[in-house]
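Take the sequences, apply the hints, and build the full model.
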Amino acid sequence: MAESTSSWVSSTGARPSSKGPPVPAREGPLDYAPAVICRCGLKAPRRVSWSDDNPGRRNNSFLMCFVPLQSAMDCKFFSWFDGEHSEFMKTLLIDLRNAVWRMKAERDEVDELQSVDVTVSRELEDQKKMNQSLQEEREGMKKKLAEKDELLQAMAMKMCAGDRSRSVCSFVCICGWCDARCDVRCCDGLMSGAVQD
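Position one of the sequence shown corresponds to residue 6 (the numbering used here), numbered consecutively onward.
Keep in mind that the hints are not guaranteed to be accurate.
What the hints assert, rightly or not - Lysine to any residue pairs mimicking SDA-like chemistry, simulated, CA-CA at most 20 Å apart:
#1 LYS81 with GLY46
#2 LYS95 with SER56
#3 LYS24 with LYS81
#4 LYS81 with ILE42
#5 LYS163 with GLU152
#6 LYS134 with GLU152
#7 LYS134 with LEU118
#8 LYS24 with GLU152
#9 LYS48 with CYS80
#10 LYS109 with LEU97
#11 LYS109 with PRO27
#12 LYS48 with PHE86
#13 LYS134 with LEU150
#14 LYS48 with LYS81
If you are wondering where the hints come from, they were derived from the structure by calculation, not from laboratory data.
See below:
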């Protein structure tokens, strides 16, 4: 009774299903005795089936150089090592296999979520550092702006007090840099003089 080649999983991983074997191989595919010899005269690798028809059942099949089954080099040797399981054992092994596959899938999902969490945490930390840097830069710019504002106000007061340059003083006063400490009469006089000119 040969099993379909797409339904079993080898202990070597040579022809794994999408889920892989539920348990690791207890021995290598050629680590058994006495040897079972295939039609080519070579020792046949032993594998464990995890199909629904033959769960946990070991078989001997030959696959030259471990190339995919049904290739030109396949001598198509196949024999079961273990006898067929009872229906109870088949059902039990299938249930256990499915439970292991479910747990592996859940573990993979948790691993993926943890990886995403680590990535998001790193990105968040980077964003916090960038935010901190931008806030420090903003504070520095505010400080420089305040210093320049004070300098402009001092210059405006000097110009208004000394009546050195009507156009500059009136420009500064018009732009709003002249504050309450500036001689308003000076600026008013300059403004009225500028209008009359």
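Here's how the hints hold up against the structure:
| no. | hint | verdict |
| --- | --- | --- |
| 1 | LYS81 with GLY46 | holds (13 Å) |
| 2 | LYS95 with SER56 | holds (10 Å) |
| 3 | LYS24 with LYS81 | violated (25 Å) |
| 4 | LYS81 with ILE42 | holds (12 Å) |
| 5 | LYS163 with GLU152 | holds (17 Å) |
| 6 | LYS134 with GLU152 | violated (27 Å) |
| 7 | LYS134 with LEU118 | violated (24 Å) |
| 8 | LYS24 with GLU152 | violated (68 Å) |
| 9 | LYS48 with CYS80 | holds (12 Å) |
| 10 | LYS109 with LEU97 | holds (18 Å) |
| 11 | LYS109 with PRO27 | holds (9 Å) |
| 12 | LYS48 with PHE86 | holds (14 Å) |
| 13 | LYS134 with LEU150 | violated (24 Å) |
| 14 | LYS48 with LYS81 | holds (13 Å) |
In this structure, the earlier hints numbered 3, 6, 7, 8 and 13 are contradicted, and the remaining ones agree with it.
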